[in-house]
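S.K.: Okay, here's what each chain looks like letter by letter:
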Amino acid sequence: MSTGKMHFEYQVEGGNFSAAGFPSSQVKKTLKQLNVDGNVIRRTVVALYEAEVNIVAHAYNGIISVDIDTEKITILLKDEGPGIADIKKAMEIGYSTATPEVREMGFGAGMGLSNMKTNADHLNITSEVGKGTIVEIINYFHQ
Amino acid sequence: MKVQEIVGIIKGTVVSGAENLENTVDMAFASDLMSDVLTVKTDNLLLLTGLVNIQAIRTAEMSDISCIVFVRNKKVTEEMIRIAKENKIIIIQSPYSMFKVSGILFSAGIKPVF
Ligand SMILES: Nc1ncnc2c1ncn2[C@@H]1O[C@H](COP(=O)(O)OP(=O)(O)OP(=O)(O)O)[C@@H](O)[C@H]1O
Ligand SMILES: [Mg+2]
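Protein chains in written order, with the numbering used here: chain A, 1 to 143; chain B, 1 to 114.
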């Protein structure tokens, strides 16, 4: 794998389902170029994509920043939105406040946060009601 | 089973990835719920869905799903085809319902994930 550090940033627009997935796609391409293990890539982009879709589905707008070094990828997703009042409850499978529009797009089963936990080596969520949510995902390239 | 054979038995039309029909798939998952699809970790999976939008393609991309069957001949957009091609994802449209395609693939020996 090549050395050096990389940094990327992407804007995410709430409600814009046709653009959702572009940042995750770019990250996937970058990790492939770096010859990261396929299983690590899949875990990382699934967790990232879930978090990205959560901004599109539940928040107003957000910024994704991605840092890659030789041993890990660190992803920070910060959004402006309603925030999450009870994170523990939101993590439960089946809990969802998704609108009918979101459900029509194929989401809103209340499975995303728990799937993010499954696919991230490290997941940290902080949120302030009425302001927004910060999600941090860290995955290591060598298990 | 070769994707080419699958196309035949579900009256499929290939709209992306026609050059990869020699690929094989052994397992399939049928769902309109992308959050559910994203929990599946099986390699070389075929996704059967009636949800025809960009996020179905993105979900396949993130989950390393190599083949999607859209049922009931729903319209696949140019943008969906572009993203699928970029990721070497085969897209097949079938006129049949989800139930019928599931039955045909199951009878042909394609295995369920769960
Ligand atoms: N970025 C966010 N901003 C505000 N609320 C959020 C955010 N992310 C998650 N939530 C809240 O947590 C709930 C559970 O999120 P989770 O991702 O598990 O399920 P979902 O997005 O509703 O459905 P799915 O992920 O299965 O498509 C959401 O319904 C929403 O209420
Ligand atoms: Mg979600």
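No lab work stands behind these hints, which were simulated from the structure alone. Careful, some of the hints might be misleading.
Said to hold, decoys possible - Listed next, with one range per pair, are the computed distances between beta-carbon atoms:
no. : chain 1 : residue 1 : chain 2 : residue 2 : range
1   : A       : G94       : B       : E79       : 39 to 45 Å
2   : A       : Q143      : B       : P112      : 24 to 30 Å
3   : A       : G38       : B       : E79       : 25 to 31 Å
4   : A       : E128      : B       : A108      : 27 to 33 Å
5   : B       : R82       : A       : E128      : 48 to 54 Å
6   : A       : Q11       : B       : D26       : 22 to 28 Å
7   : B       : K111      : A       : D86       : 25 to 31 Å
8   : B       : R82       : A       : D69       : 44 to 50 Å
9   : A       : T30       : B       : R82       : 52 to 58 Å
10  : A       : G15       : B       : M1        : 49 to 55 Å
11  : A       : M6        : B       : P112      : 35 to 41 Å
In this text, a Cβ means the ideal position worked out from N, Cα and C, and glycines have one as well.
S.K.: It remains to establish, for every hint, whether it holds in the given structure.
M.R.: Against the structure, the hints come out as follows:
1. A:G94 - B:E79: 39 to 45 Å: Violated - the Cβ-Cβ distance for G94 (chain A) and E79 (chain B), about 32 Å, lies outside 39 to 45 Å.
2. A:Q143 - B:P112: 24 to 30 Å: 29 Å, holds
3. A:G38 - B:E79: 25 to 31 Å: 26 Å, holds
4. A:E128 - B:A108: 27 to 33 Å: For E128 (chain A) and A108 (chain B) the Cβ distance comes to about 53 Å; the hint is violated.
5. B:R82 - A:E128: 48 to 54 Å: 38 Å, violated
6. A:Q11 - B:D26: 22 to 28 Å: 40 Å, violated
7. B:K111 - A:D86: 25 to 31 Å: 39 Å, violated
8. B:R82 - A:D69: 44 to 50 Å: Roughly 32 Å apart at Cβ, these two residues miss the hinted range, so it is violated.
9. A:T30 - B:R82: 52 to 58 Å: Hint violated: Cβ distance 20 Å, outside 52 to 58 Å.
10. A:G15 - B:M1: 49 to 55 Å: 40 Å, violated
11. A:M6 - B:P112: 35 to 41 Å: The hinted range 35 to 41 Å holds for M6 (chain A) and P112 (chain B), with Cβ atoms some 40 Å apart.
When each numbered hint is compared with the structure, violations occur for hints 1, 4, 5, 6, 7, 8, 9, 10.
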